[in-house]
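A.B. asks: The primary structure of each chain is shown beneath.
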Amino acid sequence: MTEAPRETAQEAQGARRPEMKVRPTAPIVPPSNVSGNALMAVIAIMAFLACLTFGAVNMVRATASSWQSQISREITIQIKPDDAIDMEQALKDARDLALTFSGTRDGTIVDREATARLLEPWLGEGLNLDELPVPRLVIVTIDEQSPPDFTAMRKALSAKIPQAFLDDHRTWVDRLVAMARTTAFIGTGVLVLVFSAMVLTVVFATRGALSGNRHIVEVLHFVGAEAGFVASEFQKHFLKISLKGSIAGGALAALFFAVAGFWQGRSIATPQSDQATALFGSFSMGLTGYLGIAATIAVIALLTTLTARFTVMRTIHEIDQIRSDPSRTDQLPDT
Amino acid sequence: MIHFENVGLRYGMGPEILRDLTFDIPRRSFQFLTGPSGAGKTTLLRLLFLSLQPTRGIIRSFDREVSSIPRDELPMLRRRIGIVFQDFRLLDHLTTYENVALPLRVRGKDESSYKADVLELLKWVGLGERINVLPPVLSGGEKQRAAIARALIDRPELLLADEPTGNVDPPMAQRLLSLFLELNRLGTAVVIATHDLSLMDQVEARRMILSQGRLDIYD
Ligand SMILES: Nc1ncnc2c1ncn2[C@@H]1O[C@H](COP(=O)(O)OP(=O)(O)OP(=O)(O)O)[C@@H](O)[C@H]1O
Ligand SMILES: [Mg+2]
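From first to last, the protein sequence lines stand for chains Z and C. At position 326 of the first sequence the residue is numbered 326 (this note's numbering), and the sequence of numbers has no breaks. Take any residue in the second sequence, note its place counting from 1, add 1000, and you have its number in this note's numbering.
Chain Z on its own, in the form it takes in the complex (with noise of 0.2 Å):
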């Protein structure tokens, strides 16, 4: 009740005294003591390389299965040519015994033709396949959800065959799925790399900024701030600096791969760009590929600003320390 009158007699004061007027609140860690153009160029170069290895590896990964799937979508039976046994037949046998497996979907046997087409390369034209011990083959389309008990078909093809081999291509499928492992630990490998680095750029341009910042770190202890609330003031400034920096760098893998991407659709078909398609795969990265160079820039922005708040604390825990103990005279700059 006492108050109201209070406030607009107040009020009109303050309408009567326009150099009253303050301006809007400025930080208390101004952004020009705090470097960030180094940094923020070294988090950019980081996100950058981060992205493009999690970019490889995530092709190379695609590339592997996409194999995978197609080598194990086939087994082929190969039949030794032998006296004893009548080629032909034997092929149809095997095809037969093949498909009464459930599991398999269709048999092709590879005539002579087809045959003497796929040894072209290595024995040259108008070969006759009825002077050559050429071993022939079936090829069985699997369902590749609930593939055909291998080791029964191959004891039943042995049992009624014994010149029959039967290939389910798992030395292949082994060493594709091995690959892609080994790649996918070599980019986890490079990542944890990046990552430690920029962790550790991070931690110097922190300690850098709050050395050169000491006045305010002490103002502040004097006016009765807690260490959360001097850490928060200092670390705003890391989370704008590695925000932008991230982006930055994972905008660049982004269109690094757009770019590459669109390279290989122009000049399909050149020898180039196969070979680059057959070792790399697709440059295409697809909506998961920018969802991950998203997820990356998140996971920088989070753990450089981590960073910063940890090493902010603890750097302010030290100068704590350094300025309470008296038998500590080193650097320190008090009254």
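By construction, these hints were calculated from the structure, which means they are not laboratory data. From the three backbone atoms N, C-alpha and C, an ideal C-beta is built for every residue, glycine too. Treat the hints with care, since some could be wrong.
[Claimed, not checked] Here are the simulated distance ranges between beta carbons:
| hint | chain 1 | residue 1 | chain 2 | residue 2 | range |
| --- | --- | --- | --- | --- | --- |
| 1 | C | 1171 | Z | 21 | 25 to 35 Å |
| 2 | Z | 25 | C | 1015 | 40 to 50 Å |
| 3 | C | 1200 | Z | 33 | 32 to 42 Å |
| 4 | Z | 37 | C | 1207 | 48 to 58 Å |
[To be verified] Looking from chain C toward chain Z, a few residues come up when the C-beta cut is under 10 Å (computed):
| hint | residue |
| --- | --- |
| 5 | 1052 |
| 6 | 1078 |
| 7 | 1098 |
Given the structure of chain Z, go ahead and fit chain C with the ligands onto it with the hints provided.
C.D. replies: Frame of chain Z, contents of chain C with the ligands only:
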């Protein structure tokens, strides 16, 4: 309110700056702390602010023994103490108004809740026209008053002032002294470290004299 018992302090391997200090700062008391340059006045104020740990002895602050207080609780105790430095320690990139409002900002208060109070205090210390000026532009006396206003803004229970009249002419020193006395009347205990004999002669107050590490108290 604050109790020192056999407190000693040495920096590094140096001599003991303070030796066996035993004294009390009672609530609502007013005292001068004096002594030759280098006697350890600033050091003693830093001990009182809990910013420095004694080499030996016991300090009790607000009924708690300081050495047993966890580190992160110290800021809460410091918030009950205002301190004015010999060298002011204003932040050069903040305006007078922002510097004086800093303790409240640090306590997480909203600007709308303190703006009027800060402006009023600034007017009271004669800085009403300098609220939007950065410290490098202020005169020594103006900086001094800004530093004092910053120490007072949160109505501390104890005010520690290190040479608060070192940079002002006698009339202004007189005005600042009456400000401290006024504050003391409102219930704040005040410790003023000073060399200024004429200032001390103006008030009948307790005198704490530091010399050669010893403290003599004249009530
Ligand atoms: N951080 C420090 N490290 C080492 N020695 C210090 C430190 N601070 C102060 N001293 C020494 O302690 C002694 C007391 O210093 P202090 O600043 O407390 O004196 P003072 O009474 O405030 O002097 P003045 O009146 O000149 O301000 C001085 O000899 C000083 O050199
Ligand atoms: Mg001093």
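A.B. asks: Take the hints in turn and mark each one as holding or not.
C.D. replies: Cross-check of the supplied hints:
no.	hint	verdict
1	C:1171 <-> Z:21: 25 to 35 Å	holds, 30 Å
2	Z:25 <-> C:1015: 40 to 50 Å	holds, 46 Å
3	C:1200 <-> Z:33: 32 to 42 Å	holds, 41 Å
4	Z:37 <-> C:1207: 48 to 58 Å	holds, 55 Å
5	1052	holds, 6 Å
6	1078	holds, 5 Å
7	1098	holds, 6 Å
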